[in-house]
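Visitor: Guided by the hints, dock chain B onto chain A, whose structure is given.
Note that the protein sequences, when read in sequence, are chains A and B. Per UniProt numbering, numbering through the first sequence is continuous, rising by one, with the last residue being 381. Per UniProt numbering, numbering through the second sequence is continuous, rising by one, with the last residue being 602.
Simulated from the structure, these hints should not be mistaken for lab results. Keep in mind that a hint or two might mislead.
Across the chosen pairs, the derived CB separations fall in these ranges [stated by the list, open to error]:
id: 1; chain 1: B; residue 1: A335; chain 2: A; residue 2: V61; range: 52 to 60 Å
id: 2; chain 1: B; residue 1: E593; chain 2: A; residue 2: Q21; range: 41 to 49 Å
id: 3; chain 1: A; residue 1: Q21; chain 2: B; residue 2: G458; range: 22 to 30 Å
id: 4; chain 1: A; residue 1: T138; chain 2: B; residue 2: G458; range: 54 to 62 Å
id: 5; chain 1: B; residue 1: N215; chain 2: A; residue 2: I103; range: 40 to 48 Å
id: 6; chain 1: B; residue 1: H259; chain 2: A; residue 2: T138; range: 47 to 55 Å
id: 7; chain 1: A; residue 1: W63; chain 2: B; residue 2: L58; range: 28 to 36 Å
id: 8; chain 1: B; residue 1: D179; chain 2: A; residue 2: G98; range: 42 to 50 Å
Beta carbons: idealized from backbone N, C-alpha and C, even for Gly.
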Amino acid sequence: MTTTGLFLLAILALGFLITFQIAKASEYVSVLKGEKKSFEQNNRINGFLMVVFLVLGIIGVYWCNKALYPKTLMPYPSASEHGENIDTMLKITLLITGIVFFITQILLFWFAYKYQYSDKRKAFYYPHNNKLEVLWTTVPAIALCTLVGFGLYYWFKITGEAPQDAMQVEITGRQFGWIYRYPGKDNTFGKKYFRMIDEANGNMLGMLWKDSTMQTPNGIQNLKADPTGFDDVITTTAMVLVKDQPVKLIINSRDVIHDVGLPHFRLKMDAVPGTPTTLWFTPKYTTEEMKKITNNPNFEYEIACDQMCGNGHYSMKGLIKVVKRDEFILWRAKQEPSYKPATDVAPASPASPAPNPGAVDTTAHDATGALVPQATIASKK
Amino acid sequence: MSHGHAEVLTTHEVHHDEHGAHHHHQSFVSKYIFSQDHKIIAKQFLITGMIWAIIGGLMSVLFRLQLGYPDQSFPWLEDILGNWARGGKITPENYYALVTMHGTILVFFVLTGGLSGTFANFLIPLQVGARDMASPMMNMLSYWFFFGGSIVMLSSLFIQTGPFSGGWTAYPPLSALGDASPGSKTGMDLWITSMALFVVSSLLGGLNYISTVLNLRTKGMSMTRLPLTIWALFFTAVLGVLSFPVLLSGFILLLFDRHGGTSFYLSDIYIAATNQALPNEGGSAILYQHLFWFLGHPEVYIILLPAMGMASEILSVNSRKPIFGYMAMVGSMFAITILAFLVWAHHMFVTGLNPFLGSVFVLLTLLIAVPSAIKVFNWLTTIWKANIKFTPGMLFALGFVSLFISGGLTGIFLGNSTLDIHLHDTYFVIAHFHIVMGVSAFFGMFAGIYHWFPKMYGRYMNNTLAYIHFWVTLIGAYLIFWPMHYEGLAGMPRRYLDYSNWSSFNQFGDLNKFISTVAMIVFAIQLLFVFNFFYSIWKGRKVTTQNPWGATTLEWTAPIHPGHGNWEGEIPEVHRWAYDYNKDDRDFIPQTEPISANESKH
Numbered sequence: 001m002t003t004t005g006l007f008l009l010a011i012l013a014l015g016f017l018i019t020f021q022i023a024k025a026s027e028y029v030s031v032l033k034g035e036k037k038s039f040e041q042n043n044r045i046n047g048f049l050m051v052v053f054l055v056l057g058i059i060g061v062y063w064c065n066k067a068l069y070p071k072t073l074m075p076y077p078s079a080s081e082h083g084e085n086i087d088t089m090l091k092i093t094l095l096i097t098g099i100v101f102f103i104t105q106i107l108l109f110w111f112a113y114k115y116q117y118s119d120k121r122k123a124f125y126y127p128h129n130n131k132l133e134v135l136w137t138t139v140p141a142i143a144l145c146t147l148v149g150f151g152l153y154y155w156f157k158i159t160g161e162a163p164q165d166a167m168q169v170e171i172t173g174r175q176f177g178w179i180y181r182y183p184g185k186d187n188t189f190g191k192k193y194f195r196m197i198d199e200a201n202g203n204m205l206g207m208l209w210k211d212s213t214m215q216t217p218n219g220i221q222n223l224k225a226d227p228t229g230f231d232d233v234i235t236t237t238a239m240v241l242v243k244d245q246p247v248k249l250i251i252n253s254r255d256v257i258h259d260v261g262l263p264h265f266r267l268k269m270d271a272v273p274g275t276p277t278t279l280w281f282t283p284k285y286t287t288e289e290m291k292k293i294t295n296n297p298n299f300e301y302e303i304a305c306d307q308m309c310g311n312g313h314y315s316m317k318g319l320i321k322v323v324k325r326d327e328f329i330l331w332r333a334k335q336e337p338s339y340k341p342a343t344d345v346a347p348a349s350p351a352s353p354a355p356n357p358g359a360v361d362t363t364a365h366d367a368t369g370a371l372v373p374q375a376t377i378a379s380k381k
Numbered sequence: 001m002s003h004g005h006a007e008v009l010t011t012h013e014v015h016h017d018e019h020g021a022h023h024h025h026q027s028f029v030s031k032y033i034f035s036q037d038h039k040i041i042a043k044q045f046l047i048t049g050m051i052w053a054i055i056g057g058l059m060s061v062l063f064r065l066q067l068g069y070p071d072q073s074f075p076w077l078e079d080i081l082g083n084w085a086r087g088g089k090i091t092p093e094n095y096y097a098l099v100t101m102h103g104t105i106l107v108f109f110v111l112t113g114g115l116s117g118t119f120a121n122f123l124i125p126l127q128v129g130a131r132d133m134a135s136p137m138m139n140m141l142s143y144w145f146f147f148g149g150s151i152v153m154l155s156s157l158f159i160q161t162g163p164f165s166g167g168w169t170a171y172p173p174l175s176a177l178g179d180a181s182p183g184s185k186t187g188m189d190l191w192i193t194s195m196a197l198f199v200v201s202s203l204l205g206g207l208n209y210i211s212t213v214l215n216l217r218t219k220g221m222s223m224t225r226l227p228l229t230i231w232a233l234f235f236t237a238v239l240g241v242l243s244f245p246v247l248l249s250g251f252i253l254l255l256f257d258r259h260g261g262t263s264f265y266l267s268d269i270y271i272a273a274t275n276q277a278l279p280n281e282g283g284s285a286i287l288y289q290h291l292f293w294f295l296g297h298p299e300v301y302i303i304l305l306p307a308m309g310m311a312s313e314i315l316s317v318n319s320r321k322p323i324f325g326y327m328a329m330v331g332s333m334f335a336i337t338i339l340a341f342l343v344w345a346h347h348m349f350v351t352g353l354n355p356f357l358g359s360v361f362v363l364l365t366l367l368i369a370v371p372s373a374i375k376v377f378n379w380l381t382t383i384w385k386a387n388i389k390f391t392p393g394m395l396f397a398l399g400f401v402s403l404f405i406s407g408g409l410t411g412i413f414l415g416n417s418t419l420d421i422h423l424h425d426t427y428f429v430i431a432h433f434h435i436v437m438g439v440s441a442f443f444g445m446f447a448g449i450y451h452w453f454p455k456m457y458g459r460y461m462n463n464t465l466a467y468i469h470f471w472v473t474l475i476g477a478y479l480i481f482w483p484m485h486y487e488g489l490a491g492m493p494r495r496y497l498d499y500s501n502w503s504s505f506n507q508f509g510d511l512n513k514f515i516s517t518v519a520m521i522v523f524a525i526q527l528l529f530v531f532n533f534f535y536s537i538w539k540g541r542k543v544t545t546q547n548p549w550g551a552t553t554l555e556w557t558a559p560i561h562p563g564h565g566n567w568e569g570e571i572p573e574v575h576r577w578a579y580d581y582n583k584d585d586r587d588f589i590p591q592t593e594p595i596s597a598n599e600s601k602h
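The following block holds chain A by itself, in its conformation from the complex (with noise of 0.2 Å):
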């Protein structure tokens, strides 16, 4: 323990016996000036109290928001539409729980602070008043009703099915950090299997590469190359989307709970080992038009995880590129297929058991199927 430490606690141990010094003696005193005079006394005080608290717990309200409302999201347009929804729903509650938070709280001090204690004055014998007490229970019923009402309308129009047009892009979370798939020019996400991964190899989601056999608790597999994951771009430098273009996340994990946070556009969703999720939304702004909205040149869409997922979480960053569809363009014409035709391992034995694509394929149900005959971003160029 250092000097400075042991200093720190003998003033804290000081400040302690002062505090129960005067404590204690206060309480001396009031023995001496009689029971009552000091209740009389110490309920006076503590009352007026009541009504600083809240002229200072107002203004403190007051100034807190002038302080921090610039630093939090509101100031700036959500991102995605769906993030503009949100945003309407935040303010239609904060309007009504505002309201609701200044009343009760004023009406709590100002009672207690009104009618603290004094002789002269009975308490009024006051047991129940059914009207009333309908009135506070239907009154927020019905504005319980409103904000469900709101709020279930914009759920709805958010978790819906993604539009046709959707650009598809798978992205799995790993302890710690993001791995990106995007379909080739097939538009179609190969299959793939977790026994599969190899990260040595390069096979970061355990692509179907190759023909293998392997020992399971499920018996002995026979897996399949699957050729249309042949062309499937994996990268897990950053997710590039396009302005205005919806796109619809296939939403994986490797090990634990993950969750991608997506604060700019106030979407986030679980990345859950073994359940594929799916979040769809519309990016509105490119990464450089938003460093101009928010003033920030440095500002980048960060993918934040949400979920508790081990010691490394507070760093489990990802990232988001949002371009105009001509960049888009260019960009994907730059990437090159993830498949290295494998060397090391020996072919499958054509003489084992007939493979069961159900238990293989770990990719998005709804992914594969649907893909096929959408208009694409591959196609279009």
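Guide: Relative to the frame of chain A, chain B by itself:
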């Protein structure tokens, strides 16, 4: 041992002794340690809870140091924590262990065990007019299981791989896989063991509270004459008895997944640390969340209801007015109890839950705000036209109402799935639940301690210290948690060790420093309270009248130092409800006084 056994028999005799004569000799062990007297057990719960609160609070101070001063190092931390703070900086594994333990300790060991354990034990027999609990033996076991659970939890802090560090909700797969996090190794086994003991304790206690309230009420004490504290503690016990077993079942499945090779929660997992794909397939990690939150949400009300009950009682006594809308208060607590079981999935809006199912939970969640609103308006009407005495208990009860309003209103944000998509797992959530179930439940607990201390120990706590305690804590609580809403509205995620590498969240450095400083001051003031508590047990001003607050309820008809059996002679008979204050020009009319012929009706 045989001696102890004989003592158990004697206390048993007292229990059956209608006259409550109990001047028999008891050894120290049977009187203060393995006691079957509900009042002693209550004090055991209270003091154990206080020790836990200090440990849990100190943990929050330590991780607030990291959050407030991320780039500074504190060499003295290494003196205390050794390897957990190499070079005077809290390591990530230590940070997450502290956060997890802080949550577990405060939610379960302080605000469940310490709060309802204390006041259900102390108040139920004294306020319903019973000599003791329905089963004093089970009651004693309830404490000792709690104690055992505490020891196991405490021991996990000292093992090499550290205590569990995956958050107090212990979501698998993180909590199931030692390779995913060192805290999920032995630390997690101890965590589960400890929690299992805790659940047993809570069930033993809860069954006892329910049967005592239902069966051991004194003559004339109909259910509708019960003080609201008893109603609250009764509903709390019902919630616990119905939901804790579900939690235990979730833990047992987790234990199977950890050690039995089952796949209840595990599927498709590849662990990078060991370069290994796990054999598990077909499990659902979300199943655990359903089982957990089926307790986890009622748990919020297990924590809150006792505080609500005590605040209602204390507000009424010190307003010198009946509680407004007694039946509405009981009804709203009943509604909360029912609804508490039907809202759990609002913690899971962003897990990929079916949106339609989510919408049902939105409706039910916002519905629970209605009984809460009724309670707030009834409390406000109770102090309207009152004659308020600001005893320390009353101050904390008023503070409770203020915090309950503030924290309750932000629940309307989070319960609405649309807003939850944005605010889920941000600091907005931290602010919300710390205000509504953390600090406000603490305020209820403090109110209860100050109010019933004279009954517990026959002495008063020091008023001046109590006033300092109240004002600093109230102001501090708002200073700490109010600004966190803004961090949440910036999307700042919770459970991050360091925000400096994030361009989206690093604008709050000064605020974090400020919050940490206030947290330290508030923690120090709590130590002042603890000091006041223990000092006053032996040196406080003595209580000289049986009924120092002029209250109507039964506990104030018992002797100043009630023995085991509570009343000498007959148990008093009850003739009226508990809230006749300032009726017919009388300051108060005790529950034991028969209704006179010319009394006005209420």
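Visitor: Work down the list of hints and note, for each, if the structure agrees.
Guide: Hint check results:
no.: 1; hint: A335(B) to V61(A): 52 to 60 Å; verdict: 31 Å, violated
no.: 2; hint: E593(B) to Q21(A): 41 to 49 Å; verdict: 44 Å, holds
no.: 3; hint: Q21(A) to G458(B): 22 to 30 Å; verdict: 24 Å, holds
no.: 4; hint: T138(A) to G458(B): 54 to 62 Å; verdict: 48 Å, violated
no.: 5; hint: N215(B) to I103(A): 40 to 48 Å; verdict: 43 Å, holds
no.: 6; hint: H259(B) to T138(A): 47 to 55 Å; verdict: 54 Å, holds
no.: 7; hint: W63(A) to L58(B): 28 to 36 Å; verdict: 31 Å, holds
no.: 8; hint: D179(B) to G98(A): 42 to 50 Å; verdict: 48 Å, holds
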